[in-house]
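Chemist: Chains E and U supply the protein sequences, listed in that same order. Once you know that position 396 of the first sequence is 396 in the UniProt record's numbering, the rest is easy, because the numbers rise by one and skip nothing. Once you know that position 52 of the second sequence is 52 in the UniProt record's numbering, the rest is easy, because the numbers rise by one and skip nothing.
Hint data in this document are derived by calculation from the structure and do not stem from the laboratory. Computed from a prediction, not measured in an experiment: that's the story for all the values here.
Straight-line Cα separation of at most 25 angstroms, PhoX-like style, residue types lysine-lysine; simulated pairs: (1) E:K259 with U:K273; (2) U:K259 with E:K259; (3) U:K30 with U:K18; (4) E:K273 with U:K273; (5) U:K119 with U:K59; (6) E:K273 with E:K195; (7) U:K259 with E:K273.
If you want a taste of the chain E side facing chain U, the calculated C-beta under 8 angstroms gives, among others: (8) Y165; (9) N245; (10) V246; (11) V261; (12) V262; (13) E265; (14) K273.
Rough simulated footprint, nothing fancy, chain U against chain E, three-plus residues with beta-carbon under 8 angstroms: (15) 248-256; (16) 274-284.
Built from N, CA and C at the ideal position, the CB exists for glycine as well.
Residue-level listing of the chains:
Protein chains: 2
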Amino acid sequence: MHNDVLGDIHIASRTLSKCEAIIGSILDKKALKRPGILAAHRLDAMDVEATKALIRQTKSQIVLNAGSAFLNMSVLRACIDVGVAYIDTAIHEDPTKVCETPPWYGNYEWTHREECERKGVTAVLGAGFDPGVVNAYAALAANAYFDRVDSIDIIDVNAGSHGRYFATNFDPEINFREFTGTVWSWQESQWTANKMFEVKRTDELPMVGSQTTYLTGHDEVHSLSANLDVPDIRFWMGFGEHYINVFTVLNNLGLLSEKPVVTAEGLEVVPLKVVKAVLPDPMSLAPNYKGKTFIGDLVKGVRDGVETELLVYNISDHEEAFAETNSQAISYTAGVPAIAAAMLIAKGDWDCHHMANVEELPPVPFIALLETLGLPTRVRDAKGDRAFDPGEFRQDRRQSARAGA
Amino acid sequence: MHNDVLGDIHIASRTLSKCEAIIGSILDKKALKRPGILAAHRLDAMDVEATKALIRQTKSQIVLNAGSAFLNMSVLRACIDVGVAYIDTAIHEDPTKVCETPPWYGNYEWTHREECERKGVTAVLGAGFDPGVVNAYAALAANAYFDRVDSIDIIDVNAGSHGRYFATNFDPEINFREFTGTVWSWQESQWTANKMFEVKRTDELPMVGSQTTYLTGHDEVHSLSANLDVPDIRFWMGFGEHYINVFTVLNNLGLLSEKPVVTAEGLEVVPLKVVKAVLPDPMSLAPNYKGKTFIGDLVKGVRDGVETELLVYNISDHEEAFAETNSQAISYTAGVPAIAAAMLIAKGDWDCHHMANVEELPPVPFIALLETLGLPTRVRDAKGDRAFDPGEFRQDRRQSARAGA
Numbered sequence: 001m002h003n004d005v006l007g008d009i010h011i012a013s014r015t016l017s018k019c020e021a022i023i024g025s026i027l028d029k030k031a032l033k034r035p036g037i038l039a040a041h042r043l044d045a046m047d048v049e050a051t052k053a054l055i056r057q058t059k060s061q062i063v064l065n066a067g068s069a070f071l072n073m074s075v076l077r078a079c080i081d082v083g084v085a086y087i088d089t090a091i092h093e094d095p096t097k098v099c100e101t102p103p104w105y106g107n108y109e110w111t112h113r114e115e116c117e118r119k120g121v122t123a124v125l126g127a128g129f130d131p132g133v134v135n136a137y138a139a140l141a142a143n144a145y146f147d148r149v150d151s152i153d154i155i156d157v158n159a160g161s162h163g164r165y166f167a168t169n170f171d172p173e174i175n176f177r178e179f180t181g182t183v184w185s186w187q188e189s190q191w192t193a194n195k196m197f198e199v200k201r202t203d204e205l206p207m208v209g210s211q212t213t214y215l216t217g218h219d220e221v222h223s224l225s226a227n228l229d230v231p232d233i234r235f236w237m238g239f240g241e242h243y244i245n246v247f248t249v250l251n252n253l254g255l256l257s258e259k260p261v262v263t264a265e266g267l268e269v270v271p272l273k274v275v276k277a278v279l280p281d282p283m284s285l286a287p288n289y290k291g292k293t294f295i296g297d298l299v300k301g302v303r304d305g306v307e308t309e310l311l312v313y314n315i316s317d318h319e320e321a322f323a324e325t326n327s328q329a330i331s332y333t334a335g336v337p338a339i340a341a342a343m344l345i346a347k348g349d350w351d352c353h354h355m356a357n358v359e360e361l362p363p364v365p366f367i368a369l370l371e372t373l374g375l376p377t378r379v380r381d382a383k384g385d386r387a388f389d390p391g392e393f394r395q396d397r398r399q400s401a402r403a404g405a
Numbered sequence: 001m002h003n004d005v006l007g008d009i010h011i012a013s014r015t016l017s018k019c020e021a022i023i024g025s026i027l028d029k030k031a032l033k034r035p036g037i038l039a040a041h042r043l044d045a046m047d048v049e050a051t052k053a054l055i056r057q058t059k060s061q062i063v064l065n066a067g068s069a070f071l072n073m074s075v076l077r078a079c080i081d082v083g084v085a086y087i088d089t090a091i092h093e094d095p096t097k098v099c100e101t102p103p104w105y106g107n108y109e110w111t112h113r114e115e116c117e118r119k120g121v122t123a124v125l126g127a128g129f130d131p132g133v134v135n136a137y138a139a140l141a142a143n144a145y146f147d148r149v150d151s152i153d154i155i156d157v158n159a160g161s162h163g164r165y166f167a168t169n170f171d172p173e174i175n176f177r178e179f180t181g182t183v184w185s186w187q188e189s190q191w192t193a194n195k196m197f198e199v200k201r202t203d204e205l206p207m208v209g210s211q212t213t214y215l216t217g218h219d220e221v222h223s224l225s226a227n228l229d230v231p232d233i234r235f236w237m238g239f240g241e242h243y244i245n246v247f248t249v250l251n252n253l254g255l256l257s258e259k260p261v262v263t264a265e266g267l268e269v270v271p272l273k274v275v276k277a278v279l280p281d282p283m284s285l286a287p288n289y290k291g292k293t294f295i296g297d298l299v300k301g302v303r304d305g306v307e308t309e310l311l312v313y314n315i316s317d318h319e320e321a322f323a324e325t326n327s328q329a330i331s332y333t334a335g336v337p338a339i340a341a342a343m344l345i346a347k348g349d350w351d352c353h354h355m356a357n358v359e360e361l362p363p364v365p366f367i368a369l370l371e372t373l374g375l376p377t378r379v380r381d382a383k384g385d386r387a388f389d390p391g392e393f394r395q396d397r398r399q400s401a402r403a404g405a
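Looking at chain E on its own, in the form it has when it is part of the complex:
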């Protein structure tokens, strides 16, 4: 839909038919803005040399890594070597490890910071919705709304329903990994460890009403804690009682383990892979998904000497997302911001020539662009609940604070 800005578009996957299905859907919807190249390629993105060859062959200038979390390091390596821009939407994971020590970016991506800087390679990390847009919301609040931020609570609620007994909204292997390890949060300016489902909160949220969410370990806490001077940064994810019950049973029985067990017949099997095999394919849920998602930042701090609370958020609708893209709102909110990031790099706004998490880049152009891409932002504070207005956030309060000091 944005090849007027992005130019030629090449889609690559281990499974060529997946790329071709996406291209078919785009052509069916007559979504290309102007005639141009839209091509499918077979690629194992763990193979750095093959990835470099494909980048060169297609003359790509921006690589959007929307693959599994296990690919980041190989795709980033290829981009640095060739000297093209890199974007991803989630933190790197080692398939053999669950929940490493914080800050997670420090274990993988940030070890390439200096090299990106030196070679002038733009690498935008975590440019989905969460991480991604919520990082921009945090930067917006810290830079252009508050004089001092005391806490950022990122709240992610899927208030929709897929109508199945139980399913994960994306690959169960990746999904469950978020909840089986230690929950790391940044509290009182230090890392705090909790267990999953140990700490919860209930908020009255716009559009989706009263929602209970649970303290969860998540990518953005690991960069925001390093990049913003805020003592409390937490991530909260909404779960229904039914989800928690099923998760708890499977986890307590050991069925979510990535470590192999041996059956009585001597077959070595990873239980989590069997659970994945019996669960519905997340792709199959989209056509019947109903309801809305809420993702936003509840930020507390001081503005003009007054204790203030700001909620910056997006509401997305599963059925509307499916009508536009054949995907439900969870995929939609994760995928569209990465396209916005690519467009901002193409236009120059975000072509920073170093490695950056989203909160290190100008938030207003990103949020304003997302308004036009189907992801509108709203804000709620003492003045009420209203659509995001870039004019409200034009002043860099950090500069005015420094000027006043």
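We have chain E already, so just place chain U on it with the hints.
Modeler: Relative to the frame of chain E, chain U by itself:
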């Protein structure tokens, strides 16, 4: 403990070390009543010719099949061919089928009835506790207590605790099969189909207190309905809410299926076998098992022209069972009655020279013998709750009813 009656004892299994462990435990406890042969043998009891050879080699006269439910047909075949007595404790199952159409015995065991009769082979089917002792309780009530029986409700409650998050008390593969198919019961003199956990009752039971049990498909309903003229025969099993929750989650997800699934990596796996691999080994539960089991028959009918209710039951204690046999009460109650059946065949009381379910054999010698083997019976009726007294049940009321007619 009863080789004075049973003579030489040979134990056979695919895994020789299991037999040797049993023999070691017997010798440790100095439990042999008199010097005699107690020997271990390796045998695949699916191999009829090997089984026949072992019977002949050991000069066995009584074969007690305490193997898995998949072995009945091959062991029975061997016994008929050699002409020795056969005992089992549960109905035959085909590993590829779950919950066949009733009556279950009609699909397998009873197809050999005529041959046993013709060749004079004693074959006692289902001689554990349930099926087994509860069939004898039903016969006792029908033959020697009531003039007319209207209903028999067999109630099985394990009020003990193993202290683990979740475990099955015997092989999960066999255990879950009892609950994943249709629940068949005999009501108003016909087969009635229900789903598991669809129908429940709560009773105030001796020793174990108020207990909720669920209508369950079980072997004895299939023989009692054919052998006794009683319109309502039902089996009820006790489950805690936690057990039902875990079972429901696993079952709804498809993790209790015996049909293979294929993982994303192309590995073909039977989910139930993976669940079995992650659950505690049932054998490992025994040392820490605490509490009691209740198994009994609640029988309603008419006696001397009056509507009457009789409860015939046994209470067993997990810790006492473990002290005597290194097994918990569920194994104890299933295993000891089969020994009693073997002793009654050896003595002649039950050496009937045809195929019989337990309710077709004299109940009083069986129940009286179990008194001396650690499984005492109690009765409760309008006259109160008391120990079983054989003298109370000496008269065959069917004969007196016929004499009076």
